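*Asks:* Using the sequences provided together with the hints, build the complete structure.
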Amino acid sequence: MSVVADDIVRLATVDKTRGYWATVFRRLSRDPVSVACASIILLIALAAVFADYLGLANPYTGSMIRRLRWIGTPGYPLGSDELGRDMVARLIYGGRLSLFLGLFPVVLAFLVGTTLGVMAGYLGGFINQAIMRTVDVFYAFPSVLLAIAISGALGAGIVNSIVSLTIVFIPPIVRVAESVTTSVRNLDFVDAARASGAGPLTIMRVHVLGNVLGPIFVYSTSLISVCMILAAGLSFLGLGTKPPEPEWGLMLNTLRTAIYVNPWVAALPGAMIFIVSICFNLLSDGMRSAMDVRS
Amino acid sequence: MSEAETLTPVADSGGPRQPLLEVRAMSKHFPVRGGFLGKAVVRAVDDVSFSVDKGEVLGIVGESGCGKSTTARLVIGLIKPDAGSILLDGEQLGTSLSLRDLRRSVQMVFQDSYASLNPRLTVEASISFGPIVHGVAASEARTRTHDLLRKVGLDPATFADRYPHELSGGQRQRVNIARALALAPRLVLLDEAVSALDKSVEAQVLNLLIDLKEEFGLTYVFISHDLNVVRFISDRVIVMYLGEVVETGPVEALWQDARHPYTRALLSAMPSLDPDNRTREPPITGDPPNPINPPSGCRFHTRCAFAEGVCGEKSPALFATGNDRHTAACHMVDPASGHSKAGSSARELQHA
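Protein chains in written order, with the numbering used here: chain A, 1 to 295; chain B, 296 to 647.
Just to be clear, a hint being listed does not mean it is correct.
[Said to hold, decoys possible] Cβ-to-Cβ under 10 Å is the rule here; a few derived chain B residues that face chain A: (1) L394; (2) M403; (3) Q406; (4) S411; (5) L412; (6) P414; (7) L416; (8) S421; (9) G425; (10) V428; (11) Y458; (12) A475.
[Stated by the list, open to error] Just some of the chain B residues that point at chain A, by a computed CB distance under 8 Å: (13) L373; (14) Q402; (15) F405; (16) D407; (17) A410; (18) N413; (19) R415; (20) L478.
Bear in mind the hints are in silico, worked out from the structure with no lab data behind them.
Please read these numbers as outputs of a predicted model, since none were measured by experiment.
Cβ atoms here follow ideal geometry from the backbone N, Cα and C, with glycine treated the same way.
*Replies:* The following block contains the structure:
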């Protein structure tokens, strides 16, 4: 990277955070639904991260005589699972892996997808065709099937499920990034930048990225919930996390057998997945309207 | 890069007699998908030649779709021409002149003042982008930007940190002008630069353009469909029709003695300010023909009141009218063309 380009990027990012993003954040913080959703996600995430300091029971050690206790049993506020492990601890510790598996693949896919999509959209021509047609190949498979197929081929495990989920989410992000970039690249300010003698890389970073990141970001946040559900699904099928690791999808699977014995406890991991995904979706919806500033 | 760090205009090389910009036989045909036999092209600019003298204002007029903007984009290299050459002060683009050097000396102001500013960048960041790209240190680019803002009549303390959506149309266009001047160009292409502004603001910006031209010794190519504005600011004018130059000459010669029937129609289409002098019939009817399949011979013959057989067969070249630098591409100007009215003066034609 040349010194020149670094100067420009600094200039651009400083202004961006102060102007546009500050406005978006202010608007978002005035929307009660978004604030509530963000708080719930933050609460669950913080609890998961600091689970060790919450004085919870050990999520790995159970008791064969206290299996499948009902919700509200003394000592077991949310009951216990099929091996007699405390559900509160399992759910909170499970948030670590579940949230990580929901977020990390989307972050990776966002980085890769944005890069590819912006390049395809801005450079056009052969590069566009090469990138977009490759992406179309992945699009031919339903996302669940693709994730299962890749995970199955790579074998079970957390790293492999992250890889497979990332691959699943790159194509839709590339498509969104490409279409937003194509609409921006025909605007006069991009022509003006080209006329000032700047190269394609500089123009993409200074003039294109700032105008396309918003929509791509919003779209990506809406994928987090899908990713969480897919990750849970992979674990459910035995392709993701392995027992005794607490993870919501895996817990749903192992508690499945107890659904007639203790349906309420069996449904708890599903409820967590539901709550967190719906919060991410509502938050992304709020962000979409907050970013629709224009004037 | 180091030589560009102070950004002074590139020094004159050919002396005042050498045109600053010379365009020779430039053509641009855009392929159109799904055309007849799949090979249709829009002849946006077809064999256009013209030159711009140092320090002059060259107006380009014509209906929408006649190739005015395409010509400007070709000159600044935003689109690659299919044929023809561009010479800046005697240096030919692509051989002795690089595109990057051309873009230092030629800048452009666009019509849409909002779309031509990045909505996420402040005024200061937008203007200083060009100089920074050309190797000027960020702090010096900033000083330069503030100077330019003052020159275009915007207080840097108030406007440097503003975003485009916080400015009025006139203010935005001033920012665009400052941005165009940031690289110390010699030639500025003004593509409908004042067309979208209110009349009062338009007048202010026009006066600003004239002042800046004096101060920086600039040369303008002024593209517009507004004939009054073109007459006010231009020294010479080019009239375009369907991608071709149909008439060119000094502005007063053209207004007093237009030779091409299309130019005369354009001029008489201007509403008069005299209420007794009403326009009763349209000077020309219909829309311009489809540029995908332009008429044979003279492209104007389908709408021309004087069209004869020869007009549909032979394409007229730009023919000297006898006045200094005044040429017209009409068979009636060329006494040897075989047109029955060939050689008649404009006055005779008006009463015909």
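*Asks:* Sort out which numbered hints this structure fails and list those numbers smallest first.
*Replies:* none
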